[in-house]
Amino acid sequence: MNAPATRVEYNRRNKIPAAKFALWVACASITMMFAALTSSYIVRRAAGNWLEFPLPKVFLISTIDIVLSSVALHLAYRAFKNGREQAYKILLSVALILGFAFLLLQYQGWMALQNMGVMMTTNPSGSFVYVISGVHAAHILGGIAAILVAVLHAFVLPFRVTEQRKLRFELTLTYWHFVDFLWVYLFFFFITQS
Amino acid sequence: MATSTLSNQATYDEDVLIQELGYDDHFHEHHHGDKFQSNFITTYIFSQDHKMIAKQFLITGMFWAIIGSLMSLVFRLQLGFPEESLLWLKPFLGKWIVVSNGIGSLSQEFYYALVTMHGTILVFFVLTAGLSGTFSNLLIPLQVGARDMASPMLNMFSYWFFFLAGVVMFLSLFLSTGPFSGGWTAYPPLSILPQASSGSGAGMTLWALSLVLFVVSVLLGGINYITTVLNLRTKGMTMWRLPLTIWAFFVTAIIGLLSFPVLVSAFLLVIFDRSFGTSFFLSEIFIGGQALENVGGSPVLYQHLFWFLGHPEVYIIILPAMGLVSEVLAVQSRKPIFGYKAMVFSILAIAFLSFIVWAHHMFMSGVNPFISNFFVIFTLIIAVPSAVKVFNWISTLYKGNIRFNGASLFAIGFVSMFISGGLTGIFLGNSAIDIQLHDTYFVVAHFHIVMGVAAFFGMFAGIYHWFPKMYSRFMNETMAKIHFWGTMIGAYAIFWPMHYTGMAGVPRRYYAFDTFETFRHFAELNQFITVAAIITFFFQVLFVVNFFYSIWYGKKMTTKNPWGATTLEWTTPIHAGHGNWEGNIPAVQRWPYDYGKHGREFISQVEPMAEGERDGGH
Ligand code: HEM
Ligand SMILES: [Cu+2]
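Chains as they are written, first to last, in numbering that gives the first Met the number 0: chain X, 0 to 193; chain Z, 0 to 617.
Pairs of lysine to any residue, SDA-like flavour, derived with a Cα cap of 20 angstroms:
(1) X:K80 to X:F158
(2) Z:K54 to Z:A575
(3) Z:K234 to X:P16
(4) X:K19 to Z:L153
(5) Z:K94 to Z:G200
(6) Z:K340 to Z:R613
(7) X:K88 to X:R164
(8) X:K165 to X:F154
(9) X:K19 to Z:L229
(10) Z:K480 to Z:A492
(11) Z:K398 to Z:E600
(12) Z:K480 to Z:F538
(13) X:K19 to Z:F156
(14) X:K56 to X:S124
(15) X:K19 to Z:M152
These aren't lab readings, by the way, just hints derived from the structure by calculation.
Based on the provided sequences and hints, a complete structural model is requested.
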């Protein structure tokens with residue numbers, strides 16, 4: 000955020016910065032959206048006329064991938080805080096690559112569904128998987144954009160550990176952990192339901 | 000202005016207090032002049048000053064209120080005078096006035112479009128954005144003692160997303176097929192199948208787009224309100240020293256952030272059903288004898304999702320009004336609010352309960368009657384915190400030194416409306432009685448009184464009370480009183496009779512009743528309602544005239560704190576610039592309701608406590 004935002008920060012006495020708090024509130028909001036989608040799934044499933052199908056294996060790989068990406072980003076943050084520039088840069092890039100890989104894997108997953116004959120319109124059971132994972136992928140895209148900016152910063156700006164940059168990194172990290180955890184939840188939701 | 004009975008021998012000068020005890024945030028050292036308000040565009044259009052954004056929300060909301068009310072007059076003409084010719088409306092409505100044998104009548108499609116637009120506009124644009132957008136923006140930074148919102152920029156975006164939502168909705172009014180016509184609740188299949196009705200095609204597409212933009216606006220605003228209240232309170236401003244306005248806006252924002260995303264999910268699934276051939280909400284449907292491809296969807300699922308937002312939404316509308324009323328009643332009756340903590344806890348209780356009662360809108364949708372029982376119980380429990388609030392407002396007024404002016408009259412009117420409408424809610428909350436009453440004019444009467452009129456009253460109270468803070472002038476009191484009595488009597492005249500027609504089973508959302516033998520004897524009552532609506536509308540015109548006249552020609556404010564209020568917004572200069580306070584930010588020393596304490600008429604929140612004095616509210 001630009002000047003006015005930081006300007007009012009002078010008034011802040013609380014430990015947690017406003018931007019971080021705002022991000023948590025936003026995450027709560029996103030959670031509600033997915034809670035709505037998954038509870039719709041449950042309600043609709045209970046109503047019958049529901050095509051059962053196994054979730055393609057690719058989604059397991061993508062789940063592992065996204066967890067690793069989270070770990071990499073977390074380690075990158077640690078490295079950044081401790082001033083280990085090389086490790087920071089490498090780990091950050093790894094997190095980004097794993098993020099892209101996740102999207103690719105999700106795409107593979109959708110293809111696998113199609114090959115099984117589960118199209119978007121075949122039955123609500125399939126439609127839900129497409130829509131929920133699709134909306135989730137859109138949120139991942141936002142996270143990737145944030146990491147992309149972080150990578151740019153890492154490689155363009157001179158390495159310095161400032162409060163401002165630490166905060167920015169923490170925001171990226173929080174969001175990324177959030178969307179990753181969200182997928183893990185969705186993955187377990189899907190496999191326990193089908 | 001303030002005619003006081005008790006003399007207010009202030010022992011301190013507030014400005015001196017703020018300088019001595021206040022909080023120096025080095026605000027003014029950093030900005031010589033204000034580069035954020037350097038020219039016309041940054042001051043009036045893309046402003047990041049919360050006070051200007053508040054005015055933008057208010058005036059945009061007023062614009063929509065006028066449009067939405069005019070729409071209701073048109074369909075009321077149809078309901079009250081189905082036989083009269085509406086030919087004279089042809090120049091405005093064009094092809095929507097159908098002419099046969101020289102007699103013009105409102106087209107049936109357009110009737111539904113008008114009802115739908117009226118509901119959508121009033122619920123979302125006027126009573127959500129216009130009410131909580133205006134007053135959250137104006138009062139949160141001023142009353143918690145902050146220079147501005149946590150993120151003035153997101154705040155600006157919040158307004159402009161609202162503005163865009165309005166533009167899209169406005170454009171949809173001019174579609175050749177008309178705007179969306181499936182009701183403000185947008186139930187499928189009317190909202191999904193383009194062939195279902197004339198407004199279900201392009202009209203619905205624009206409606207959905209507009210509402211998605213609107214939700215973005217609400218979320219950006221809400222994130223800001225919550226963060227500001229929690230993070231930017233000034234020194235000494237503990238949660239238990241927040242004015243009830245702030246508590247109300249804060250909880251409203253939380254409800255909004257938790258419920259609007261659910262609406263987004265519902266819309267998302269609707270959009271997939273509309274455009275990508277899924278069948279989340281569409282079951283086996285025949286249109287014109289042709290079976291659709293969709294199978295197995297559940298329209299009731301949509302209702303669950305919609306009302307999971309829909310019911311909290313009505314509290315998003317009423318809670319800010321409650322907050323404004325609490326504050327106005329305390330200030331204008333020169334008494335501390337009765338039961339401050341009980342007020343806060345009942346706001347919290349209402350907020351919590353509002354999430355677990357949604358199915359009371361669906362008793363007649365085929366929901367399992369056993370499950371309905373739970374919703375009956377929780378619904379009726381809401382009456383408890385609601386009654387606590389009503390009791391406290393009345394106790395606040397009791398033996399008060401009430402100044403009867405525009406602000407206090409509307410606040411008292413609010414309490415009256417909330418009681419009348421709340422009581423009918425208890426009827427509706429019984430699933431058995433609801434069999435008769437569901438989707439009748441009884442429901443229309445219920446929610447217009449408890450939500451529509453009451454929230455408007457809260458808004459009027461707020462506008463009359465804080466107008467001096469917004470424009471440094473007063474609104475005309477004579478016009479305000481005429482406005483109040485006209486609206487009070489008018490609103491009851493419009494909605495009271497609807498209880499009777501509703502109990503007799505007259506269904507809502509019908510184009511005409513003159514073909515029903517059973518309802519024929521209500522024809523005159525319907526005329527009465529329509530006439531009352533038209534007259535009441537003209538009292539609102541008076542308000543609008545008063546508002547704009549007073550912006551430029553109203554009586555000038557000569558002192559900073561004309562009402563003799565304790566809260567921080569009245570410690571800012573008469574013409575407050577960006578940053579609100581000229582020097583330090585005030586530090587808060589006490590709760591906001593010290594009226595009539597120690598023989599003093601009021602004690603400002605910035606005044607330190609005397610030796611051994613106990614802070615109120617605890
Ligand atoms: C004591 C508290 C209340 C109870 C028990 C209650 C109960 C109900 C019930 C059961 C219905 C559904 C009626 C039907 O469709 O058959 C209903 C409708 C409605 N209520 Fe309330 N209500 C209460 C307070 C409120 C408040 C405070 C508001 C708004 C500020 C409100 C706004 C509405 C609206 C907008 C509808 C109709 C929505 C529609 O179908 O278009 N109610 N109420
Ligand atoms: Cu409700």
